[in-house]
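Could you build the full structure based on these sequences and the hints that come with them?
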Amino acid sequence: MFDSSLRYALTAFGFQFNPFEHLEASQDPRLGEYLIGHEALELVSKPQAAQVFALPGAGKTALRIAVGRACALAFGGQPALPVSYNLPELFPQLNPPPAPDAHTAAILRRAALSLLIGLSFRPELFLSRSPSEQNALTRLLRSLLRTPPLEYYLGMLRNADPRRLAERFDRTYAFLTPPAPRPLTALCQQLSAASTPLPFSPDLRRIFFEQVQALGFKAIFILLDGADGFAGSVEAPDQVAEALQPLLREAADWASQGWVIKAFLPMELRPYQSDSTAFQTIALDWQDDELIRVLQRRIYIASQGQTETFDAFCDGLRGIETGLVGHLLRPLPREAICLANTLLHTFAERAGRGGEALCSADIEQAIQRYSISLGIPVLQA
Amino acid sequence: MSAFAIPAYQPDLFCDRPTLNTIKEIINQVQSGSPHCPIVIQAGRGSGKTWLCLHLQRSELQGKEKITPLLIGLQQPVNLQAEKNEWFLSNEAAQELSQTPEKAATVEILLNDLLGKFAQDLGVWVGEQPTLGERSAWVINALQRTPDTTWVILVDSAFESDWALLDGLEKRLLAPVVTLPNVLILITGRGKPYPWQSPYLRTQIQMLSLDPLKEDETKEQIEKFLNKGGIRIVKRSVFKQSQGHPLANILLAQDAKINDVIEELLAIIPEEQERQQIREFLEALCPLDSFVEGHLKPMLKAYYEYRQRPEDAQRYERLGRSELRQQVLDRMIAHSLVHWQDGGYQMDPYLLAYLRLYLSSEENHPMLEALRQAAQSVYVNWAKQFPKGSNDERYYLEQAQKFAQANQ
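Quick note, the sequences are listed as chains A and P, same order.
Going by this note's numbering, the first sequence opens with residue 64, and the numbers climb by one from there.
Going by this note's numbering, the second sequence opens with residue 236, and the numbers climb by one from there.
These are computed hints drawn from the structure, not numbers from a lab.
Even for Gly, the Cβ is constructed at its ideal location relative to N, Cα and C.
Check the hints yourself; a few may be wrong.
To be verified - Which stretches of chain P does chain A cover? Using the computed rule of at least three CB atoms under 8 angstroms from a CB of chain A, they are: (1) 355-369; (2) 400-410; (3) 422-434; (4) 437-445; (5) 522-529; (6) 565-574.
What the hints assert, rightly or not - Some chain P residues judged to face chain A by a derived CB distance under 7 angstroms, without partners named: (7) Ala372; (8) Gln379; (9) Thr414; (10) Arg556; (11) Ser557; (12) Arg560; (13) Trp617.
Structure representation (structure tokens):
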């Protein structure tokens with residue numbers, strides 16, 4: 064009943080899918096298409112270390128993914144290699160905090176993985192290098208990918224297309240078109256060549272940057288996220304700050320070698336923010352007109368560009384997104400998406416009993432439900 | 236299809252546009268080491284987008300030291316074949332792509348052709364039976380490895396092209412090069428803009444307008460066509476009717492009627508019956524500056540009742556909202572004749588102007604009055620749902636009043 068009425072609503076609006084389904088940016092496969100021109104994106108895309116502070120639901124993960132995907136799309140032609148550095152995934156415990164070398168080792172490993180996955184989508188970038196450059200890159204990847212070893216990833220690439228590898232290890236690349244089998248096979252073959260791994264040392268950072276620079280990259284972006292994913296991080300932000308400090312206080316040193324840290328941090332960490340001279344500090348705030356554009360962009364994508372507002376589905380109602388944004392409990396994209404999703408479900412429920420146009424009663428009811436439920440999907444109750 | 240000649244692009248026939256100078260300044264800027272974001276020009280059919288791209292490609296940037304233009308024409312220009320560093324999507328290929336349910340294979344063939352031609356033209360083709368990825372890498376590398384050369388990539392008629400093709404073009408060429416400091420991308424199109432994945436192509440752009448020709452420029456255009464265009468010019472003063480629209484200027488100068496101009500603008504719809512039906516929808520809706528789904532039923536009913544076609548009037552009245560959208564709105568949008576803008580669906584501005592002119596003729600005026608009356612009723616009804624004295628009630632009553640006055 065629920066599914067069929069939602070399907071009816073989507074059909075009534077000419078939507079190919081529900082653009083308000085995912086409240087968590089990292090789960091939304093279409094995030095890249097939804098992006099609006101928020102000034103934070105321009106700021107954070109510059110080759111300068113940045114700290115982005117935001118409330119939950121304000122879009123810091125969305126921004127991190129947007130920067131990463133923009134880099135992935137332009138892999139090889141773009142100034143930066145994107146390195147997703149999700150803290151809880153690599154350091155499940157905060158106590159004791161990771162040592163500086165542990166950050167370096169984890170980032171180098173993530174960078175090697177990003178490079179491998181990127182090259183698996185664009186093998187020609189590797190295959191067009193001279194044999195000596197190919198050997199040097201192979202040796203570097205072998206040195207940094209030890210547990211599991213490089214062979215493990217190459218095995219995955221031989222048996223499936225690179226999207227499987229990306230889905231599992233770095234979703235930044237997962238939306239790209241896979242290459243033809245022949246160059247991918249050639250890449251795997253070249254990377255399988257035996258070579259003696261380099262011993263681990265901080266110097267690997269410099270060597271890695273030189274190698275990716277030779278491939279055309281101008282910088283490496285370390286996209287640090289997930290600091291609010293530690294258990295108890297909200298109550299004990301000082302512990303999270305302590306875990307990050309060994310890395311963040313070295314930001315200038317990393318930047319001098321081409322590694323640019325972009326930290327996407329919860330607002331609770333702002334009092335502990337690092338040296339502001341090394342970082343550009345960005346607070347992710349949202350104005351009403353930007354939130355309206357967030358909703359309208361999603362309608363545009365879901366309707367395949369037919370329209371960008373709920374107004375199109377009404378007989379005479381105007382400014383529906385403006386009205387919705389005016390009722391948000393907090394001016395955040397997640398809240399706006401939640402309310403729009405509630406409206407879609409409210410219409411679905413009512414339209415199932417007849418009536419084809421979105422009407423003011425649907426909007427009033429959706430706002431009421433949203434206010435009461437704070438985002439709990441009301442029709443599932 | 237048209238009984239009137241539409242000449243192929245020739246450098247001598249091109250009339251200077253202020254936008255051209257702006258683009259040339261931007262190219263100079265890129266050449267002197269200041270990178271520039273992509274430029275986007277969104278304008279209606281016949282406003283000169285394709286000629287602007289061709290003029291940049293074949294005249295302004297041709298032979299310029301350290302500048303290489305690449306032209307990707309996603310609609311076949313009239314009577315022209317692709318030359319070096321140019322690729323045109325043929326009408327047949329475009330039609331095949333629009334009709335095939337499995338687009339991926341067709342897109343791959345087209346991109347292989349496009350990138351293969353550029354790779355050969357640029358002299359970077361090195362292998363045998365290269366994959367699409369290899370062709371893409373060769374072209375991208377050619378741009379990357381020549382930082383002293385300014386590359387101007389002109390993507391013409393993008394927005395009216397198939398989204399699957401644009402997705403492939405973005406991933407295989409545009410996105411990897413858009414941030415290169417020596418690359419400038421110019422995208423033109425009409426209708427709904429394509430939502431590129433890359434923010435560098437979508438949100439970090441500069442929009443430029445392509446304004447109609449002024450009265451003296453219109454005269455100059457007709458003089459040029461009279462002297463070198465090889466067509467029979469009958470009228471030299473057409474500005475009042477054409478409003479400076481380059482395509483209409485040329486047609487009206489050959490003594491075409493407004494109806495002929497409309498037919499030419501709709502010639503992008505290959506199938507005659509489809510073209511005729513869409514024209515009827517457009518005529519029914521043209522009194523409105525913009526419209527929403529709620530306008531479709533009453534306006535079509537009024538139109539077909541006036542035309543004494545009660546079966547059609549009833550047919551559209553019986554349709555549900557979704558069906559009406561699919562059978563009417565979606566078809567106009569599919570041909571990029573209508574797109575959403577500023578709170579409503581809007582027609583191609585020139586087409587709208589000529590349709591209104593057509594309906595204003597003595598013969599058609601009674602129909603225009605009937606349509607205005609229908610629009611007036613719609614707005615009166617919509618006003619009733621809002622509280623007395625509210626902004627919305629006032630707004631809709633003003634709209635109703637506007638149509639009532641027009642009929643007086």
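Q: So, alanine 372 of chain P near chain A? Judge it on the closest CB pair being under 7 angstroms.
A: Check passed: Cβ of alanine 372 of chain P comes within 3 angstroms of chain A, closer than 7 angstroms.
Q) Within the segment 355-369 of chain P, is the number of residues with a Cβ closer than 8 angstroms to a Cβ of chain A three or more? A) Coverage by chain A holds here, the residue count being 4 at a Cβ distance below 8 angstroms.
Q: So, arginine 556 of chain P near chain A? Judge it on the closest CB pair being under 7 angstroms.
A: holds (4 angstroms)
(Q) Holds or violated: the hint that glutamine 379 of chain P contacts chain A, with Cβ atoms closer than 7 angstroms. (A) holds (6 angstroms)
Q.
Quick check: do three or more residues in the segment 565-574 of chain P have a beta carbon closer than 8 angstroms to a beta carbon of chain A?
A. Answer holds; 3 residues pass the 8 angstroms Cβ test.
Q | Given hint serine 557 of chain P near chain A, where the shortest CB pair must fall under 7 angstroms | A | With Cβ-Cβ at 5 angstroms, under 7 angstroms, it holds.
(Q) Closer than 8 angstroms Cβ to Cβ for three or more residues is the test here. Does the segment 400-410 of chain P pass it with chain A? (A) As far as the segment 400-410 of chain P goes, the hint holds, because 5 residues have Cβ atoms under 8 angstroms from chain A.
Q.
Can you confirm whether chain A covers the segment 437-445 of chain P, using C-beta to C-beta distances below 8 angstroms and requiring at least three such residues?
A. holds (count 3)
Q | chain A contact restraint on tryptophan 617 of chain P - CB to CB distance below 7 angstroms | A | OK, holds: tryptophan 617 of chain P within 7 angstroms of chain A, min 3 angstroms.
Q: Please count how many residues of the segment 522-529 of chain P have a CB within 8 angstroms of a CB from chain A and say whether that reaches 3.
A: holds (count 3)
Q. When the nearest CB of chain A is found for arginine 560 of chain P, is that gap smaller than 7 angstroms?
A. It holds, given that the least Cβ distance between arginine 560 of chain P and chain A is near 6 angstroms, below 7 angstroms.
Q) Does the segment 422-434 of chain P contain three or more residues whose Cβ lies closer than 8 angstroms to a Cβ of chain A? A) The restraint on the segment 422-434 of chain P holds, since 7 of its residues have a Cβ under 8 angstroms from chain A and three suffice.
When held up to the earlier numbered hints, the structure conflicts with none and fits them all.
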